[in-house]
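Peer 1: Next come the chains, spelled out residue by residue.
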Amino acid sequence: MSLAKWSVGLLAGMSMLALAVPADAGEVRVTVAEYSAKTGPYFEAVKKEFEAANPGITIKYEVVPWDVLLQKLTTDITAGTNADLSIIGTRWLIDFVQQDVAEPLDSYIKPEFKDRFIDTFLSPSIMGGHTYGLPIAASARAMYYNKELFEKAGIAKPPATWTELQEDARKIKAVGAFGFGLQGKEIETDVYYYYAMWSQGTEILNKDGTSGLGTPGALEAAKLYKSMIDEGLTEPGVTSNNREDVQNLFKQGKVGMMITAPFLSNQIKEEAPNLKYGVAAIPAGPTGARGTYGVTDSIIMFKNSKNKDEAWKLLDFLFTKEQRAKFTQGEGFLPVNKEEAKMDYYVNNADLAAFTALLPDARFAPVIPGWEEIAQITSDAMQKIYLGSAEPEAALKEAADKANGVLKK
Amino acid sequence: MPPCARGAPHPVGARHTFFLQKCVAVSEDAGRQVRGGADIGEEFKGRVLGTNATATDVYLQHGTSQPMQSRLLPYLLTLPSLLLAAVVIFWPVWDLVQISTHDVSRFGQLRDFSGLTNFSALFADPDFMAALWRTGLWTVLVVGGALLLSIPVAMILNMDFYGRGLARVIIMLPWAVSLTMTAVVWRWALNGESGMLNSALMKLGLISQNIQWLASAETAFPMQVLIGILVTVPFTTTIFLGGLSSIPDDLYEAAALEGATLFQQFREITFPLLKPFINIAIVLNTIYVFNSFPIIWVMTQGGPANSTDILVTHLYKLAFRIGKLGEASAVSLVMFAILLVFTMIYVRLAMREQRA
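Those protein sequence lines, which keep their order, are chains P and G. So the first sequence is numbered by my numbering: it starts at 1469 and just counts up by one. So the second sequence is numbered by my numbering: it starts at -16 and just counts up by one.
In short, the hints are calculated from the structure, not lab data. In this text the structure is predicted, and so the values were computed from the model without any measurement. Virtual Cβ for every residue (Gly too), placed ideally from N, Cα, C. Any given hint might turn out to be false.
[Claimed, not checked] The calculated label-pair distances, taken between Cβ atoms and stated as ranges, are:
id	chain 1	residue 1	chain 2	residue 2	range
1	G	W171	P	S1504	18 to 24 Å
2	P	K1774	G	W171	43 to 49 Å
3	P	N1772	G	G119	42 to 48 Å
4	G	K186	P	E1699	25 to 31 Å
[Unchecked claim] Covered by chain P, according to a simulated footprint, are these stretches of chain G (three or more residues, beta-carbon under 8 Å):
id	segment
5	173 to 186
6	212 to 220
7	243 to 257
8	261 to 275
With the sequences and hints as input, model every part of the structure.
Peer 2: Structure representation (structure tokens):
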């Protein structure tokens, strides 16, 4: 072998060594979930501003679509190559805490810092008295309705109860549109069912810790949706429509009512600016009970991070009022920062006011291990009921048994 | 080896070793013209129009007294790739065995040894059993459909006609598009309210009401199979085109002179000579299709209510939705075993047919 070949080999070997060297001191790696096309640019702007203000610290992002985030984190953590910080769904947090990969942030959090947050949104990230994550995004659900269709159908105001909603849906059907948009596919199919279930006074978990799916309230809710499907009050092919599909139907003016998150307002503003719509509370049940789904995503620090102080500096920066306002308004989330919530943007926004008014009724995903599996079991049961391939009673009983099996573990 | 292999129209390693063995056997006996030669003669006599074995064996007869080579050499030559395979195949499989026989955290930390608990949990799960059967159905339908479609397509593309180059490009194009993108486009096209397929059928007057293609397995799964066939055709056609171009034209000329119809030509010449290529297409496609994830995942995620799940999508949900890495590893070992057994049996059968 000639000398040249040897040196090529040597170089290759050295470059492999270089790859193996741990991240530079002062480098903070962050796994970022991509909420929309605005997420990437926002974090790039953060990088510029933060690095200018903190010489010696560099930020490196891995921007991942939501769908593959949990998969990426699972493989990264298994291989020990995870970043220093990551955005995660708060409902996953318990797994991270139990597996001892999330760093408690209590030693970093000063009273002044804690005071920035609205308690409702910070509390889901607190477990066993320790704060493991900070709410990077917060959202809730409310009912959108199409004002033009309401007018055409002669409906004066959005329905306050599910019975009224059914009647309104019939009227909307009569003018040739779909009354109620029902989501029956992919992420949050279970949640769409909980709206009806919560209004029956049934919770996801009973007081004794068993699954609520076996209760009469759960059955009533399932029967309500099924009867609406059978009567043609929903869009056809419920099990082929995920959240985005139903939202698209709403934007096209084909659906009278649907329940979804604040970001639909932003989408309508850009994609269907002429659509006349309103946002109202989720309908209540016979006893006046109602519930909306509250969601937060947390940004967490990993226990094996080598640059915890630098990472904390970035967190501190991200949760200033200015940074929060930029992010939240771009993505269409709810403010988690008290000062931010007082800004004109939020105070004068009727859509957002409807969401914040529902917050006292907000339920967060229960903090239990195996929650994802229970959500999957519930979604599967709902799809069977919507399709008519199982009777509501039988499907719910089977699902409750399965969920209780998971809960016992 | 070179004189023996000359003209053998078979591109695949497995078959090469087979020819090598035959070749060595023939060389050994070449001087005395004992068994090997006699066999070939008889076979040649028996089938005038040329079947799978004869064309090759004619070449074999030309391979005269080649000095016998070291029996060790082939093994030495395959050693580097064997080592590479060991690293990229056996190591992960070993890892999977570890995970599947342990109680494992959702981030892959092994806890207690649990024996075959993960496997028995799988076989007790009706969703897994349903996915297992559906995977069989999916594989048979897609591979079979692609095969049936690809033979005529390849034969047409092998003919000489104006614009053949363009036609070949068009047939191959789906191959150039990523499977995921194809699936995404089809998901849009099959949308119940704003999908292209429904509006096309509506305009043609074939339907009066929108069909909700992806709402239930009865319509979703057949569509997924059709799309599976569509994306498998280019690869299969390529294999067959290679096979067809290796069939000498004079065979057809001779057959035509003898008065053979086109169908007879296909049955007696094209099909038998194409058989090795069909076998390869079956083995490779089965492996690809059995493991194919994007089409089903993008269109239905195995839903509604797991009714279009195949093993890979079931595995993905188990591992990354629910976090049961142990059971997911067990699924992938089961898949590995099924494919291994299938390939071994199939290659054996195909080989025996060749030898017979």
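Peer 1: Run through the hints listed earlier and report the numbers of any the structure violates, in increasing order.
Peer 2: Numbers 6, 7, 8, in rising order.
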